[in-house]
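**Student:** So you can see what is in the structure, the chains are spelled out below.
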Amino acid sequence: MGEILVASGVNVRTSVHVTARSYTYLANEINRIFLETITRSGLDPTDLTSIQDIIENGLRTWLTLRQLEVAYLEVYEPISGKVRTRIDLKIEYTAGGDERYQTDIDRVRRELGTGGKFAGCQYRVVATTTPGAAQVKGWGETTLGDVSHLTRRNVGQVIDTAAAGAVMSIFS
Amino acid sequence: MLIKYTLSSQAHEFDISDSDDLAVLCSETEDRLRSDHPEFADEEYLTQRVADALLNGLADDKQEVDLGDLSRSS
Numbered sequence: 075m076g077e078i079l080v081a082s083g084v085n086v087r088t089s090v091h092v093t094a095r096s097y098t099y100l101a102n103e104i105n106r107i108f109l110e111t112i113t114r115s116g117l118d119p120t121d122l123t124s125i126q127d128i129i130e131n132g133l134r135t136w137l138t139l140r141q142l143e144v145a146y147l148e149v150y151e152p153i154s155g156k157v158r159t160r161i162d163l164k165i166e167y168t169a170g171g172d173e174r175y176q177t178d179i180d181r182v183r184r185e186l187g188t189g190g191k192f193a194g195c196q197y198r199v200v201a202t203t204t205p206g207a208a209q210v211k212g213w214g215e216t217t218l219g220d221v222s223h224l225t226r227r228n229v230g231q232v233i234d235t236a237a238a239g240a241v242m243s244i245f246s
Numbered sequence: 009m010l011i012k013y014t015l016s017s018q019a020h021e022f023d024i025s026d027s028d029d030l031a032v033l034c035s036e037t038e039d040r041l042r043s044d045h046p047e048f049a050d051e052e053y054l055t056q057r058v059a060d061a062l063l064n065g066l067a068d069d070k071q072e073v074d075l076g077d078l079s080r081s082s
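Line order of the protein sequences matches chains A and R. The opening position of the first sequence corresponds to residue 75 in the numbering used here, with each subsequent residue numbered one higher. The opening position of the second sequence corresponds to residue 9 in the numbering used here, with each subsequent residue numbered one higher.
Keep in mind the hints are simulated off the structure, nothing from the lab. From a predicted model like this one, the values you see are computed outputs, not experimental measurements. Among the hints, a few may not be true.
Unchecked claim - Quick look at which bits of chain A chain R covers, simulated, 3 or more residues with Cβ under 8 angstroms:
{"id": "1", "segment": "90 to 103"}
{"id": "2", "segment": "111 to 123"}
{"id": "3", "segment": "158 to 167"}
{"id": "4", "segment": "204 to 212"}
As the list claims (entries may be wrong) - Within a straight-line C-alpha distance of at most 30 angstroms, the following computed DSS-like cross-link-like pairs (lysine-lysine) qualify:
{"id": "5", "chain 1": "A", "residue 1": "K211", "chain 2": "R", "residue 2": "K12"}
{"id": "6", "chain 1": "A", "residue 1": "K164", "chain 2": "A", "residue 2": "K191"}
{"id": "7", "chain 1": "A", "residue 1": "K211", "chain 2": "R", "residue 2": "K70"}
{"id": "8", "chain 1": "A", "residue 1": "K156", "chain 2": "A", "residue 2": "K191"}
{"id": "9", "chain 1": "R", "residue 1": "K70", "chain 2": "R", "residue 2": "K12"}
{"id": "10", "chain 1": "A", "residue 1": "K211", "chain 2": "A", "residue 2": "K164"}
Glycine residues also receive a C-beta, built at the ideal position from the N, C-alpha and C atoms.
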């Protein structure tokens with residue numbers, strides 16, 4: 075019985091540590107994919123990098139609480155506000171499995187390569203969370219731009235960890 | 009799991025469960041802080057601060073988490 079109890083305790087601790095590493099990796103990789111999108115679209119990444127901490131704080135907090143549903147990168151025309159493209163990363167929370175940290179960045183790059191250039195456009199990061207999600211400094215409520223004039227393309231899972239993954243779709 | 013922090017130059021610590029659910033650990037920690045320190049009643053970003061500290065500490069395989077100096081405004 076003693077061995078069983080010890081093994082159980084070790085498993086519990088490993089699990090929560092793996093979950094923490096998984097969420098940390100996931101938040102970093104969401105940012106990486108958004109940065110990749112911005113640079114491949116001919117946009118200035120300064121606006122993203124200047125608020126990197128705020129974005130990461132939001133993603134990390136809501137992942138920790140399993141309140142993050144989707145992270146979006148919305149690219150829009152500055153005057154009209156018309157959305158030109160949008161990258162959606164839908165979070166899928168999982169449980170168990172081997173500790174792993176995988177991002178299919180080649181697939182992301184291939185898909186982004188067909189998205190065209192958006193020089194002169196602006197962009198913003200948006201997240202949808204579960205009702206009553208934690209307040210995070212620097213984040214406020216907003217509404218996503220209309221994408222009914224765009225076509226949605228499902229890319230599939232692009233980030234995979236033991237605790238959660240991200241499924242990508244592109245509106246273009 | 010041991011939670012440590014500093015408030016008004018005083019060190020504090022308490023235990024929370026050994027749950028493998030980060031959301032539960034975060035909630036337990038925040039509830040205990042708000043219960044022990046009424047001054048956190050208006051701290052709207054306490055959840056963020058606790059979640060960030062837990063994620064950092066646990067990602068490093070630590071068996072205790074130091075929330076740091078909670079006297080500082082978030």
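**Student:** Next, verify each hint and record whether it holds.
**Tutor:** Evaluation of the provided hints:
Residues of the segment 90 to 103 of chain A lying with their CB closer than 8 angstroms to a CB of chain R number 7, which satisfies the three-residue condition for coverage. For the segment 111 to 123 of chain A, the proposed coverage by chain R is not satisfied: 0 residues have a C-beta within less than 8 angstroms of a C-beta in that chain, short of the threshold of three. Evaluation of the coverage hint for the segment 158 to 167 of chain A: breached, as 0 residues show C-beta separations to chain R shorter than 8 angstroms, against a requirement of three. Counting residues of the segment 204 to 212 of chain A whose C-beta sits closer than 8 angstroms to any C-beta of chain R gives 4, which meets the bar of three, so the coverage hint holds.
Between K211 (chain A) and K12 (chain R) the CA atoms are separated by roughly 23 angstroms; this keeps the pair inside 30 angstroms, and the hint holds. Restraint check for K164 (chain A) and K191 (chain A): satisfied, since their Cα atoms lie roughly 24 angstroms apart, inside the 30 angstroms limit. A threshold of 30 angstroms between alpha carbons decides the hint, and for K211 (chain A) with K70 (chain R) the separation of about 26 angstroms falls inside it, so the pair holds. A hinted pair counts as satisfied when its Cα atoms are at most 30 angstroms apart, and K156 (chain A) with K191 (chain A) qualifies at roughly 15 angstroms.
Of the pairs offered as hints, the one joining K70 (chain R) and K12 (chain R) holds, with about 12 angstroms between alpha carbons and a cut-off of 30 angstroms not exceeded. For the proposed pair K211 (chain A) and K164 (chain A), the alpha carbon gap of about 22 angstroms is at most 30 angstroms, so the pair holds.
Violated hints for the displayed structure, listed by number in ascending order: 2 and 3.
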